[in-house]
Structures are given as structure tokens and as C-alpha cells.
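2 protein chains.
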Amino acid sequence: MNARPTDGTVKSDETLFEILGALRERDGGRVTTVAEEVGVSKSTVHRHFATLRKHGFVVKDGSTYELSLKFLDVGGYVREQNPLYKRIKPTVRTIAEETGEFVSFLVEQEGRGVYLYSERGSEGVQNDVRIGRHVLLHQSAAGKAILASLDPDRVPRIVAEHGLPPRTPETVTDEAELYEELETVRDRGYAYARGDHTKGLWGVGVPVHNPDGDVAGGLIVAGPTHRMRGDWFEDELPEYLKGVVKEFELNMSYS
Amino acid sequence: MNARPTDGTVKSDETLFEILGALRERDGGRVTTVAEEVGVSKSTVHRHFATLRKHGFVVKDGSTYELSLKFLDVGGYVREQNPLYKRIKPTVRTIAEETGEFVSFLVEQEGRGVYLYSERGSEGVQNDVRIGRHVLLHQSAAGKAILASLDPDRVPRIVAEHGLPPRTPETVTDEAELYEELETVRDRGYAYARGDHTKGLWGVGVPVHNPDGDVAGGLIVAGPTHRMRGDWFEDELPEYLKGVVKEFELNMSYS
Chain A
1 MNARPTDGTV
11 KSDETLFEIL
21 GALRERDGGR
31 VTTVAEEVGV
41 SKSTVHRHFA
51 TLRKHGFVVK
61 DGSTYELSLK
71 FLDVGGYVRE
81 QNPLYKRIKP
91 TVRTIAEETG
101 EFVSFLVEQE
111 GRGVYLYSER
121 GSEGVQNDVR
131 IGRHVLLHQS
141 AAGKAILASL
151 DPDRVPRIVA
161 EHGLPPRTPE
171 TVTDEAELYE
181 ELETVRDRGY
191 AYARGDHTKG
201 LWGVGVPVHN
211 PDGDVAGGLI
221 VAGPTHRMRG
231 DWFEDELPEY
241 LKGVVKEFEL
251 NMSYS
Chain V
1 MNARPTDGTV
11 KSDETLFEIL
21 GALRERDGGR
31 VTTVAEEVGV
41 SKSTVHRHFA
51 TLRKHGFVVK
61 DGSTYELSLK
71 FLDVGGYVRE
81 QNPLYKRIKP
91 TVRTIAEETG
101 EFVSFLVEQE
111 GRGVYLYSER
121 GSEGVQNDVR
131 IGRHVLLHQS
141 AAGKAILASL
151 DPDRVPRIVA
161 EHGLPPRTPE
171 TVTDEAELYE
181 ELETVRDRGY
191 AYARGDHTKG
201 LWGVGVPVHN
211 PDGDVAGGLI
221 VAGPTHRMRG
231 DWFEDELPEY
241 LKGVVKEFEL
251 NMSYS
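As you go down the protein sequences, you meet chains A and V in turn.
If you read the first sequence in full-length UniProt numbering, its first letter stands for residue 1, the second for the next number, and so on.
If you read the second sequence in full-length UniProt numbering, its first letter stands for residue 1, the second for the next number, and so on.
Don't take each hint at face value.
[As the list claims (entries may be wrong)] Derived pair list, reagent style PhoX-like, types lysine-lysine, alpha-carbon separation capped at 20 Å:
id, chain 1, residue 1, chain 2, residue 2
1, V, 11, A, 54
2, V, 89, A, 89
3, V, 54, A, 11
4, V, 11, A, 11
5, A, 42, V, 11
I should point out that these hints are in silico values taken from the structure, not numbers from a laboratory.
With the rest of the complex left out, here is chain A:
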């Protein structure tokens, strides 16, 4: 049967996701261009558009179809499902105010990191980090803080699934080197990024734990190299962050 590819997925869904991908890549599109790009008939694209529009996931502007804010609606719901999201917002704000830098809370989802909430302090860099954006854990200080706190069995499985591709020349790409770094992170309780994710952007990441002791996410403070240096970067900022997170975790435990 046509609708059953051998990998157990649904062929029509695959077409749907290709159409969504084409709309995202091109910031919207007409039936004809999307049909050409996806390699299906115009009538097929037309029917998928009709269904997507009926459910509010695309909007039509003239003869152009675009992804709609329904994704933000569903995404906002998913974010609020995360038990830490509402709790950690004031903490992220406080850190942004007190450090003046860019602060973000990252959570792990199927072996990758997702930026759940960010705040910029008064001097904070205009980062390219958008809520919902995905990052590979080894490319981020918050991600390395999460990796170091996960069940040690899971880390090689995550590496096997996602690999260790570089994002900059500073990204750790060697498995043994990563494990050694995670050992250090485990010992001292925080991780560094020295341009691992974005050239010129250095940061400190600390794990955040649930009351049951499992890691719930990672907090990162990041700034330009000229401010992330000396005692501040080597000592004061990591200790400050560990203290704030410890207090957050204690408040979670007793409420």
C-alpha cells in the first residue's frame, strides 16, 4: 500500500513535513513553487495546504502560503509543560540583571539542547539564540554542564546518535577529550565555553537539578571575551552561578 513506506512512517505525513520545511526555508511559497521543490503534484500540495490551513498551521496571504503563529501557540504550551520553566524565569532575570550579560536556560530533549528561556542584561550581547532553538550539547557550556550530570551511560549513546560535529574551531570534537572535560566539569560543578559555539563568545554553564537529583537543564552566562576573563571568569562568576543555582534548587525542594 502506497501509504506505508518500509520505515514504518506515513508517506503522506512525510510529504506534509517536506512542505512545511519548504515553507520555512523560503519564508513562505506558492503552490507551484512548493510542488516543484517537494517533487509532488500541485493538487497534492493544494490539498495539504487546505488541511494545514483548516487547522491553523499555515496562513494564506494572496496566493502565498506561510507558516502561522499556531506553532508558537503549541510551542508556548509545550514550554509551559516543562515543570522548571515558570520557576526559573525570575532566576534567569536576576542573573541577567546582576551580571549584565546574556543568560539562557537550556534543557535536554532526546540528546540535544533546546533554549527554553533567555534574558539579556544591560550589556548583554545580541546573541543569535532564539527560544526553541536547538544546539548540540557538546557545543555549549550549558550543554556540557548537562552532559556531565546525566547518567554516564547516556553520554556515549548521545554521542553515537548526534556525533561531535564542530561549530567553531574551538568545539571539542574528540570523544576522549570530551569525556575528560566532562570529568573536570563534574568535579568543579561548572563548564566553560571558550568560543565553542560562537566565535568570541565565552561563557560559564552550570547544571540545574530537580528535587529528585536528576539534571533538569543548564544555565549559561555568556559574554564577549574582553569581559569574560581574569578572576571574574575563572572564579567569581562560576561561584556566583553555583550559589544562585543552589538556592534555586533548595527553594524547589522545599515548596
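Got chain A sorted already, so can you dock chain V onto it with the hints?
Chain V in isolation, oriented as in the chain A frame:
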């Protein structure tokens, strides 16, 4: 052909959206419960889950499937496509700081309002407004400000499509009454909500225009009735908001 319902949609997509809806309603679910709820076979649900998971839209936790943060990723992309989103953030923040209240920027999408960005000032109410959340325009002060600024031909079409259902006893539900109110809004440049959307929450909404003069969205400041009263509510707050928006529009025009 099975895959072509008479309304021009795709039957398999309809099933997919029903599955997504069931996951959202139940905060996740197993194959068996979702199959029962949607009224399709377990193998059908299984194959849709496999496809959704392959594309990152659901995650699996044990034998439970949940909507994933991929929706937030796509939603964040859609939000940034809005030309005003990044521009208006500092303005929303300033208003929240200066009024101390809850401030939100609402945009219109296919005749409904979507909350694109919100900030709470120091005294701001814990509103139930989440980013991406939809609202009917006639139920909101920002929505009425938008309606009053739209091409007058569009308003009856929006009313015909979405109706004027009440959200509280204060919501305007009579078409003639709405048009009369919109006339007043057009004259003075701002709209009131007096519990139209949420009991006890009063607010002022003003339209925000693109450089081409079209309405781009509406800003609302809302607070509890005991603070939204007297000269502040009747005069100072609306004039302050109109001034801030005028400045924002001028900055947009000259940049």
C-alpha cells in the same frame, strides 16, 4: 480514493492533527489511549508517531509520547518573521517598567489576535496570556484597537467568520454595538477593556501602524480595576500610550 475527503483536505493529515490534538489535550499519551480517542487503529497511531518523532515534533518518554519543543523552534522562527517583533520588544519593556503593569503586543492573523510578546511590570498581574495564545479581537482592548484600524470592509467579514461570542458578561456581543464602539475608538485613538476578556482586568489598547499606514498590531496595558481608574485610566494612561506608540512609529519610518 481513501486519501481524498470531499472537502479537499488530506485524510491522513486530518488523522495526524487529531493525534496532535489528543496529545495536547491529555499532556501526552500512549499508542492505545490515543488510538481509542481518535478512533483509528493502534498501528495507524504508531506509524504517525514514528513520522512525527522522525521529524522531531513528538518525543517519547517510556511508552508515552509528548509534543516536543520543535513547535517552539518553528514558532520562534514564525515570530521573528514578523517585521515588528524585534523592533517593539524594547517599547513593550519600557511601558511595563514605566506603568508597572502587564503589557502585551497583539497581532492579527486571519481575523484573530495572537499575543506575540508580553512583559510584566513590577506590579503587573499574573495574566493567563501566553505567547502564541489566540484571542478573538472583539474580546480584547488591543483587538478592538486593531479592528478600529482595519479596512472597514474587513470587520464585518471577521465578525461573520468568528462571530461575537462572549468571554465574560462584559464582552460586546452585539454587532451594532461593536461598530459604534469602534467608531469611538477610531475618533479618540484608543480602546478600553473593562473586564471584556478577564473579569476584574481593565485595560487600554492602542493600534500600532506600519510605515505604510496599515495596522500592524495593538499594544495593551492591563491591570486590576483598583489601579485602572480615575484620571489615570480615563486620560493619562491612554495619552501616554498614544505618545509612546507615535514615537515608535516615527522611529520605524525614519530607519
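Do the hints match the structure? See the list:
1. Distance hint between residue 11 (chain V) and residue 54 (chain A) is fulfilled; the C-alpha atoms sit about 12 Å from each other, no more than 20 Å.
2. Taking the CA atoms of residue 89 (chain V) and residue 89 (chain A), the gap is near 17 Å; set against the 20 Å cutoff, the hint holds.
3. Restraint check: the Cα-Cα separation between residue 54 (chain V) and residue 11 (chain A) comes to about 12 Å, which is no more than 20 Å; the hinted pair holds.
4. Only pairs whose Cα atoms come within 20 Å are accepted, and residue 11 (chain V) paired with residue 11 (chain A) is accepted, the gap being roughly 12 Å.
5. Distance check on the hinted pair: residue 42 (chain A) and residue 11 (chain V) sit about 17 Å apart at the alpha-carbon level, within 20 Å; holds.
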